[in-house]
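Student: Take the given structure of chain A and dock chains B and C to it, following the hints.
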Amino acid sequence: MDYSITKFLWSLLGLFIILNWGMLMSSTMRRVGARLAGRIGVPMYQPWIDLAKLMALKTWLSHGVMYYIGPVFRLVGGVGMFLFMPIIFGSEIWSNYSFSGDLILLLYFQSFGMLGMAMGASDSSSPHASIGISRGLAQFAAVEVPMTLAVIAIAIQHQTFSFNSIMEAQQGGVLNWTIFTNPLASIAGMLAMLGAMSHSPFNLVKAPNEIPIGPPTEYHSSFLSVLRTNSAIIHVVEAALFMNLFFGGADTWLMYIVKTFFVYFISVFVGMVFPRMKVEDSVRWFLKWPTAVGIIAVLVAAYWK
Amino acid sequence: MQKGINNLIEKFGASDLVERRSGLSFITVDQTKAVAAITHLKDIDGYTVLSFITAADWIEDGKMQLTYMLNNPAEVAEIAIRVMLERKKEAGESMETIHHLWPNAKKWQQELKEMYGVDFPTSPGVNDSFILEGWDDMPPNRRDFDTKQYAEDTFFPRGGRVTHDPATYMREQLDPKDPQYYTKKKKKDINS
Amino acid sequence: MEEKKDKFLAPENEVRQVSAPDGSIIEVDPLKDYFSQEKPEPYKVGSGPVENFLNWARAESLWVLGFGTGCGSIEIPPLVTPRFDMYRFGVQMRATPRQSNVFIISGYLAIKTLKRAIRAYEQMPSPKYIVALGSCTINGGMYYDSYNTINRLDQYLPVDAYIAGCMPRPEALLAGFAELKKLIKAGKGHKANEYVENLEWYKTNQKKIIKDWNMPDYNW
Chain A
13 MDYSITKFLW SLLGLFIILN WGMLMSSTMR RVGARLAGRI GVPMYQPWID
63 LAKLMALKTW LSHGVMYYIG PVFRLVGGVG MFLFMPIIFG SEIWSNYSFS
113 GDLILLLYFQ SFGMLGMAMG ASDSSSPHAS IGISRGLAQF AAVEVPMTLA
163 VIAIAIQHQT FSFNSIMEAQ QGGVLNWTIF TNPLASIAGM LAMLGAMSHS
213 PFNLVKAPNE IPIGPPTEYH SSFLSVLRTN SAIIHVVEAA LFMNLFFGGA
263 DTWLMYIVKT FFVYFISVFV GMVFPRMKVE DSVRWFLKWP TAVGIIAVLV
313 AAYWK
Chain B
108 MQKGINNLIE KFGASDLVER RSGLSFITVD QTKAVAAITH LKDIDGYTVL
158 SFITAADWIE DGKMQLTYML NNPAEVAEIA IRVMLERKKE AGESMETIHH
208 LWPNAKKWQQ ELKEMYGVDF PTSPGVNDSF ILEGWDDMPP NRRDFDTKQY
258 AEDTFFPRGG RVTHDPATYM REQLDPKDPQ YYTKKKKKDI NS
Chain C
27 MEEKKDKFLA PENEVRQVSA PDGSIIEVDP LKDYFSQEKP EPYKVGSGPV
77 ENFLNWARAE SLWVLGFGTG CGSIEIPPLV TPRFDMYRFG VQMRATPRQS
127 NVFIISGYLA IKTLKRAIRA YEQMPSPKYI VALGSCTING GMYYDSYNTI
177 NRLDQYLPVD AYIAGCMPRP EALLAGFAEL KKLIKAGKGH KANEYVENLE
227 WYKTNQKKII KDWNMPDYNW
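Protein chains in written order, with our numbering: chain A, 13 to 317; chain B, 108 to 299; chain C, 27 to 246.
Honestly, I wouldn't trust all of these hints.
Claimed, not checked - PhoX-like cross-link-like pairs, simulated, lysine-lysine; straight-line CA separation at most 25 Å:
(1) C:K138 to B:K255
(2) C:K141 to A:K70
(3) B:K214 to C:K33
These are calculated hints, taken from the structure and not from any lab test.
The shape of chain A in the complex, shown without the other chains:
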């Protein structure tokens, strides 16, 4: 078979695995949260049922073209992040479409989803959706600052914008991981991760019952199922992004699953401990400590390389 077709099929298989892993992880984390509250929590298979049910719901609504494109845009953001990041380090078939500048492209894809939602939400004629998305964009812009600073610091440290090179530099032992070789950038990046994962305390923008549910107020049935599919994918991919940057990447699927689980678990753990922050507070917080640490990390990387 043609090489490009096999590569595409391998990527598709990877996407399928990651989608299911993301759904399993989301129900696991919900059970963890429930146990913390003294409950039993949802069954492990709940996300799949929800997805099937949402697809089976009937809809007659139309709010215009942008309303349809919004969830698709968001899904493109998640899938795009997946496609341009190598899954397994050193593996030819699981390297996806990564190239030498993939880190920059990934940073763009991160904001893709939120922008898509903004387009869709503004067309859905629900005032709640507009308020929700403006708050979401404000918080996301604040999260981007420390994250970009951390990425710049790492790029200076390794003199590259390629995931493969960054992961390669971290091979050969735990002490070679960025989290030990560049702790300042790691701190800034991991704090930004809490915002990027949009878990509590930074999940006000998508929390149920908040004005009243954030951007997807009007989205229902298959639209919502697309959004939920994307959130399953993006949680794993975000975790993989930080795993690749700070925790040395993964060289087997087992390592991939273990590491993404723990990176995701950090954000869940923080979310279980801290209550939600108001959007204006979280914006201020991101622009204060993580940004300060990020700036120092860039300066240190620039002068002490």
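Tutor: Only chains B and C this time, still in chain A's reference frame:
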């Protein structure tokens, strides 16, 4: 006697004083002098808080009673001014407004207009609907409004509703063989 | 609403003339021009193993609209606490009618609330279910002679499951959900179609008591 009551009796011809307990008195004032009496109580005697305005329908006497509950926070005393209006057959008793003394009075008056049909001309927004939306019948708290009849006509009552007299029903349930047992026993206890 | 003047018509819904940017005068009837006039149509109920699977999925994923209509809604918060934990059964709360498919009418329904309940119900995507909680929804309960609360809910909205009691305990609610699940799995959870097919009758009943209608005939 509470502060201000002497004034009410001497200056405004108030009558029918009922002292429930120290610091709570009910007194009846003539309709024409009521607003003047309330103003006097507020400005001079320190009854600065309007707790509520309410109404009672004395259909047998042909009266509609308004009660203004005033509170004196400094002396922890309350005084209720009763005003007896002539009850009209088709709603629309009229009373002077007191929203110039307490702005919140207009909401009470709006509610009284809606629920009892007592009109307060010149009170702002008195004709707007307050709780009921789209009500086009008699004000529902007037006693000649038959709420059961209205509910039966308007809604769709489901059959099979049974009403029991609680006392007899309990007795039958407790001892079906001798329903009067507990009654007899009670009488015997009293006699002995 | 068309010919004779509706005395409860809100001022913002009155037919009025507005001038367009180019200077021409346009007559605007807000209820007709600003809202969709489409009538809903019953959806097609499938059959076979796919439909059975979907019915199972619908039954195991009940998303409840967080709208407490009466005193019975106090029984719903305990359901999400450790003692009753309705998440075990796939029952979750949602904040918007667009994303929910179970509507719990919790207790008495004032005429005012009925109007909002109708709006919320019609905005929910089908298939959707109504669980009527408490005696008030069955025969009026202790408010059977009240001028302001309805007696029988099924005259205004299609009810899938009743939970009797005044008030029913949270356990009764869980039993009600179990009953609803049985109905859905048996393929009997298509009351939304019934509502659409008998829309005329439901609308006549609703409009009989909601006199200030002030909304389109069907809220999309």
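Student: If you draw a straight line from the CA of K138 of chain C to the CA of K255 of chain B, is it 25 Å or shorter?
Tutor: 19 Å, holds
Student: Just to be careful, I want the Cα atoms of K214 of chain B and K33 of chain C compared with a cutoff of 25 Å; is the pair within it?
Tutor: Holds: K214 of chain B and K33 of chain C sit about 23 Å apart, inside 25 Å.
Student: Measure nothing beyond the straight line between the CA atoms of K141 of chain C and K70 of chain A; if it is 25 Å or shorter, mark the hint as holding.
Tutor: 23 Å, holds
Of the numbered hints given earlier, the model fails none.
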